Every structure is written in structure tokens, then in C-alpha cells.
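Those sequence lines, one after another, are chains A and B.
Quick note: the first sequence uses numbering that gives the first Met the number 0, first residue 0, plus one each step.
Quick note: the second sequence uses numbering that gives the first Met the number 0, first residue 0, plus one each step.
Any given hint might turn out to be false.
[Unchecked claim] Calculated from the model, a selection of chain A residues having no Cβ within reach of chain B, i.e. all distances over 12 Å:
1) E68
2) M76
3) F92
4) A104
5) P135
6) E157
7) I188
8) P201
9) R212
10) P216
11) R237
12) E242
13) K244
14) I246
[Said to hold, decoys possible] When the alpha-carbon atoms are kept at most 25 Å apart in a straight line, the in silico SDA-like pairs for lysine to any residue are as follows:
15) B:K205 to B:E222
16) B:K203 to B:A1
17) A:K67 to B:A1
18) A:K190 to B:A55
19) B:K236 to B:K297
20) A:K184 to B:A55
None of these hints come from the bench; they were simulated from the model.
On a predicted model such as this, the values are computed, not experimentally measured, just so you know.
Glycine residues also receive a C-beta, built at the ideal position from the N, C-alpha and C atoms.
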Amino acid sequence: MTILACISYVPDTAAKIGVTADGSGLELGGAKYILNPYDEFAIEEALLQRERHGGRVVALTVGSDAAKEILRTALAMGADSAVIIPATGLDSFGVAANIAAYAKAIDASLVLLGRQSIDHDSFQMASTVGALLGVPSISVVSKLEIESDRVRAERDIEGGKEVLEATLPLVVSVQKGINNPRYPKLPEIMKAKSKPIESVEPVAVSPRAAMVRYQVPQLKRANKILGDSDADIAEFVRLLHEEAKVI
Amino acid sequence: MAFNGVDYYQLDELLSPEERMVRDTVREFVENEVIPIIEEAYQQAYFPMELVPKMAELGLFGMTLPQEYGCGGMNNMCYGLAMQELERGDSGVRSFASVQSSLVMYPIYAYGSEEQRRRWLPRLANAEVIGCFGLTEPDYGSNPAGMITTATKIDGGFLLNGAKMWITNGSIADVAVVWAKLDGEIRGFLVEKGMKGFSAPEMKNKHSLRASVTSELIFQDVEIPEENLLPNARGLKAPLSCLTQARYGIAWGAIGAAMACYDASVKYATTRIQFGKPIGAFQLVQEKLATMLTEITKGQLLCWRLAKLKDAGTLRPQQVSLAKRNNVAIALEIARLARDIHGANGITSEYPVMRHMLNLESVKTYEGTHDIHTLILGADITGIQAFSS
Ligand SMILES: Cc1cc2nc3c(=O)[nH]c(=O)nc-3n(C[C@H](O)[C@H](O)[C@H](O)COP(=O)(O)OP(=O)(O)OC[C@H]3O[C@@H](n4cnc5c(N)ncnc54)[C@H](O)[C@@H]3O)c2cc1C
Numbered sequence: 000m001t002i003l004a005c006i007s008y009v010p011d012t013a014a015k016i017g018v019t020a021d022g023s024g025l026e027l028g029g030a031k032y033i034l035n036p037y038d039e040f041a042i043e044e045a046l047l048q049r050e051r052h053g054g055r056v057v058a059l060t061v062g063s064d065a066a067k068e069i070l071r072t073a074l075a076m077g078a079d080s081a082v083i084i085p086a087t088g089l090d091s092f093g094v095a096a097n098i099a100a101y102a103k104a105i106d107a108s109l110v111l112l113g114r115q116s117i118d119h120d121s122f123q124m125a126s127t128v129g130a131l132l133g134v135p136s137i138s139v140v141s142k143l144e145i146e147s148d149r150v151r152a153e154r155d156i157e158g159g160k161e162v163l164e165a166t167l168p169l170v171v172s173v174q175k176g177i178n179n180p181r182y183p184k185l186p187e188i189m190k191a192k193s194k195p196i197e198s199v200e201p202v203a204v205s206p207r208a209a210m211v212r213y214q215v216p217q218l219k220r221a222n223k224i225l226g227d228s229d230a231d232i233a234e235f236v237r238l239l240h241e242e243a244k245v246i
Numbered sequence: 000m001a002f003n004g005v006d007y008y009q010l011d012e013l014l015s016p017e018e019r020m021v022r023d024t025v026r027e028f029v030e031n032e033v034i035p036i037i038e039e040a041y042q043q044a045y046f047p048m049e050l051v052p053k054m055a056e057l058g059l060f061g062m063t064l065p066q067e068y069g070c071g072g073m074n075n076m077c078y079g080l081a082m083q084e085l086e087r088g089d090s091g092v093r094s095f096a097s098v099q100s101s102l103v104m105y106p107i108y109a110y111g112s113e114e115q116r117r118r119w120l121p122r123l124a125n126a127e128v129i130g131c132f133g134l135t136e137p138d139y140g141s142n143p144a145g146m147i148t149t150a151t152k153i154d155g156g157f158l159l160n161g162a163k164m165w166i167t168n169g170s171i172a173d174v175a176v177v178w179a180k181l182d183g184e185i186r187g188f189l190v191e192k193g194m195k196g197f198s199a200p201e202m203k204n205k206h207s208l209r210a211s212v213t214s215e216l217i218f219q220d221v222e223i224p225e226e227n228l229l230p231n232a233r234g235l236k237a238p239l240s241c242l243t244q245a246r247y248g249i250a251w252g253a254i255g256a257a258m259a260c261y262d263a264s265v266k267y268a269t270t271r272i273q274f275g276k277p278i279g280a281f282q283l284v285q286e287k288l289a290t291m292l293t294e295i296t297k298g299q300l301l302c303w304r305l306a307k308l309k310d311a312g313t314l315r316p317q318q319v320s321l322a323k324r325n326n327v328a329i330a331l332e333i334a335r336l337a338r339d340i341h342g343a344n345g346i347t348s349e350y351p352v353m354r355h356m357l358n359l360e361s362v363k364t365y366e367g368t369h370d371i372h373t374l375i376l377g378a379d380i381t382g383i384q385a386f387s388s
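Whole structure, please, built from the sequences with the hints as guidance.
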């Protein structure tokens, strides 16, 4: 079974990100970039499924040259090979089209992704890749069982679980809790340095959604700090009742 | 908020991407696996054994020794960075790794026979076997040359008699590298758990390194088979060469503890309000933070250079003494300043600072006390030995 684990290179969660004055772009201010946290679960799930069913794990990223760093992490964790499609500035559809084209080229039976990239949070990669490949997709999965070509997936829903069945080939986006991502072994980190990272020509597609502008959220309400006099307490109760509508 | 290191001089640029990844991996390991459990272990005075297989899995034991013995084959920069991160968690956890790697695996690799290497190193690397290093005796600490533990030749082996004290991991070790005099010459022996006449009672009631096992080793007519003698270790320089390896790791580790204290202090100073402003707004507190950052940055540069010298094979033991002496002293000073900045909170287990401060008292003493390293440097500078061994 060929498993494609798709991973993205995103600004660290602690990064302070601003918007340029004209709203045309973002100011990343030298933010540190990391492996998208949800994608760690995708790599781990790919490795676990390989351990159970055999086959190989290919790690793929669509992005800038600097993103090779996370491919090395994937190799150090145990991926068999790593591929970069050097393309930047794509919309979600463009990324999905590239993933789908590569998944098709290597005849992947299972495409795994994180539930979302924490940079743009578009939440549409799994479904778009599935649609482009003409195969089913299941998103935000917290448990995945495969028996020959039958797949059982669990999703967490409000107050319960949803169990779905599908067949391979399949696209799955995974959720925190599905596994505990392993740490890369330190000697494997050094070895990953000498493993090749294959570069694959991007496919050109016209964007489906254009970025118009970025905007800093308007503070809807300012936090209020009241004192502790009787009048303040009465006001506090009134606000909870009339404005926050919680009592 | 996650710990992002202390790097005022962009020293990350001096590291290769792989070295950074090794450092970041150990950092994450410490954040997730060590820090959540260490205060409890420290308070209750036990070593968290559950960490050992995880540390082995990561590849923390025997990092720099060859892969053909199941070890890591990594450079000394990686080893140093790993020790730094472990000690950001706790000096006891770093001590465990130092002992296993530098004081047990290293002598077996450097002075053992090929058979001993193959028998022991892979199992020490995967922590199937835990080791300890017995040099210090009740009456011979700074002066190990005076040791009175003795081996005598018998048919097929040796008879070992004597006692060692302050031995890290002693009671949990499966194998002890024990230094003893055979015909007046210091030799190394592999003493195995369960050998008749060998016991390793734990030393209790420590105020420092509480999340680490410290023991006595007692030998009463212990029969050591011939094949458990390290054939190539002769004289005090053999154990001292092991200490050079471990001290190198300690110089890095101390920076880890110092970074933890600095990081906690910055957070505390910017959020604790007194007299209507954060205490970090007061000049006296700012001076403490500035001193901490300056000393950490200097210590980091010492370590970085030391790693380069060690990897180039030109390192002199005296250079390691300089770094161990300096970095542990500044780490202890930084921990004390951090304890002070934290006020009353500083004495609780809510914050890591007092634990680090108390740990560093041991680190200052073991592996050559601060003053012994002063004398090693003094002898190197003047050519005149202040003490003779
Ligand atoms: C927690 C812990 C773990 C340890 N783990 C190990 C271990 O795993 N294996 C092992 O073999 N040992 C271990 N040790 C022992 C450690 O290495 C010794 O404690 C250390 O070498 C100092 O010896 P000592 O305690 O006997 O002090 P002493 O040598 O008695 O020194 C006492 C004081 O006198 C000073 N002093 C001594 N001689 C001179 C001199 N010539 N000039 C000036 N000042 C001098 C010292 O600097 C020190 O301040 C450990 C110690 C501790 C505390």
C-alpha cells in the first residue's frame, strides 16, 4: 500500500502575525516556521498503517524550498521518501490539484492530511483532493481501521461519535487524538540529512479564489473591569443579564 | 507558553539544521515527558524510571559512539545540545544520561575489549542494561588517586574489596564500572548486579538531586571473572578521561538549567505586579535579568567552541575544566537570582527555580569541584601543581 502523507510548513503558533498597511499581505516578522501540528498526526498515522499493512510512506509538501525542513522531520520519523512540489502563492484549490496529481502519479491508496493547516485554516484540502481524484474523503478522523480495502473511520461529533465505512483508495484528514506522534530518533535526524528529497514539477491550474485583502479583526467589545462597590456589583449583574445574556 | 530557548546572539546560525532539529526534538521531549512529572519525583525523591526506555528510544544514550555498537554516531555538538535540553528539565535526568553515556558506555568503548563492547554497548544504548560509575570513596573524593578499594588476583579472575560512595544510579544499575587498585595500579572492573558480596544501598535524605538515585557500592570479597577487567585502562588517566566526557556534557547541561531559570524569571518579572507595575519595571530586577542573559550567552559561546574543538579532536581536558567551572558557577548564581526574583513563590514547586538551584549545588561538587577545576587551570597556567595526586 502506498500512503501519501501531506504536510505543510506553517508559522509557529506563538508567532505574532500582522497585516501590511494596505491589507495586501501579511507581516510575518521573522516568525519561526514549523510542521503544521495536525500533520504530525497524519505522518504518524501513515507510519502506523504501514507498520500494520506494509507498503511505503511518501511525505509530500507543496511549498517553498524552506519547507524541506519538515520533510526531513518526516524522514527522521520514518517516512520512506520525501517529495517537494516547489510552488508558492497557490490558493487551496491549486495546492489540492498538485496533491491530487501527485497522488495519482504514484497510485496512492491512502492520502492522509491534517484536519487543517493552522495558517489559513481553509479546512478544504481533504474534500477537494478527494473530489479531484474521484475517490471518497473523510475529514477530521479520530480513529482509522483498515482491513484489506475496507476502511472504518471514526469522527468525533458533538456529544458522540460517528462511524463511517468506505473503501480504498481514500483521502482522510486526521484529528488530534488519533495517535501519539513519535519523536524522530536522534540518529535518524542525522541520517535524514543524506536522504534525497525529490522535487516534482508543479501542475499549473488557474486559481479559483483570489485573495482580496487581509484585515485585522475589529474588537467587537472592549473588556470591562468593574470595581467592587454595591453599585458595581449591580451593574455587573445587569451586564451579565442584558448584554452577555448568560443569566 | 512553550519554551523557545534563549538565543540573544543568534547562535542558532552556528548550528546545522540537523543539530537544531536534534536540539528541538529533545526540547520537545523534555517539555512533554520530563517537566510534567519532575516536580513530583523531586518532592518524593525518586528517579522517574519510566523515562528510561523513552530516552533510549530517542537515542540519548551513547550518542557519540559508533553505530556498529547500536549507538548514535552523532557529533559532540548534538550530544552537548541534548544534555543542555535534558538539564533544562532537571539535573537528575541529565545526570542519568551523563552516567550511562560518558561514564559507563565511554570507558567500555575506550578501554574495553571488542568482546566487551559487543556484549555491553548495544544493551546500554537501548537501556536494557543500566550502568553506574564508581570512583569516589568515603575518604577519597577530590583525591581519587588515594583510593583504597583493592582487587587481588585469584585463579580465573579477581577478588574485589572496598567501598564507593555518592554513586549516581548505583542501586538501579545492572553493571558498575568500578575503579580499584590491582598491584597498586588503578584498573577498571565491570561489576555485575547479583555478584556475591556486592551490594548497593541507596543514600537517602538528600536536599539536592532528589530525582536521581545516589548510592554506596560495597564489595566484600566479590569474585570478578577475568573477562570483566577493562584490559586497556591503566592508571588514573583512564577514569579521568571518562570524567572529561561527562564534564563536557555538564558544561552544556548547566546552561540548560540556567535557561530554565532565566525563562521563568522573565515571565514572572513581567507579570508579577507590585507597587502598581510589573516587578520587571524596576531597575534592580532588570539588572538581575541582564546579568542572567549575559552570563548565559557567554556560557553558550564557551560550549559551542568546546564542541567544535571536541569534534576536531583538539580539545584539551583543561578547556573542559574552564567551561565546567564557569558554567556551573554561573548557572548556580542565575538560579539563586531567579529564586530571589520569584519571591515567596520561588521556594515552591510551582516554579522550577529552587529545584534547579538545589540541584546545581551537587553539580558544582561532582565531576571535580569548582575549586579543583580552579587548581587544574592554575596548574595549566603556571606549570605549578597546587596539589599532587
Ligand atoms: C549527587 C552526587 C552524585 C555523585 N555521583 C558520583 C558518581 O556517579 N560517581 C563517582 O565516582 N562520584 C560521584 N559523586 C562524588 C563526587 O565526584 C565527589 O563528591 C567530588 O569529587 C568531591 O569529593 P568529596 O565530596 O569527597 O569532597 P572533598 O574532596 O572532601 O572536598 C571538600 C571541599 O574541599 C575542597 N578541596 C579538596 N581538596 C582541595 C585542594 N587540594 N585544594 C583546595 N580545595 C580542596 C573541595 O573543593 C571541596 O570544596 C557524586 C556526588 C554527588 C554529590
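Against which earlier hints does the structure fall short, listed by number upward?
1, 2, 7, 15, 16, 19
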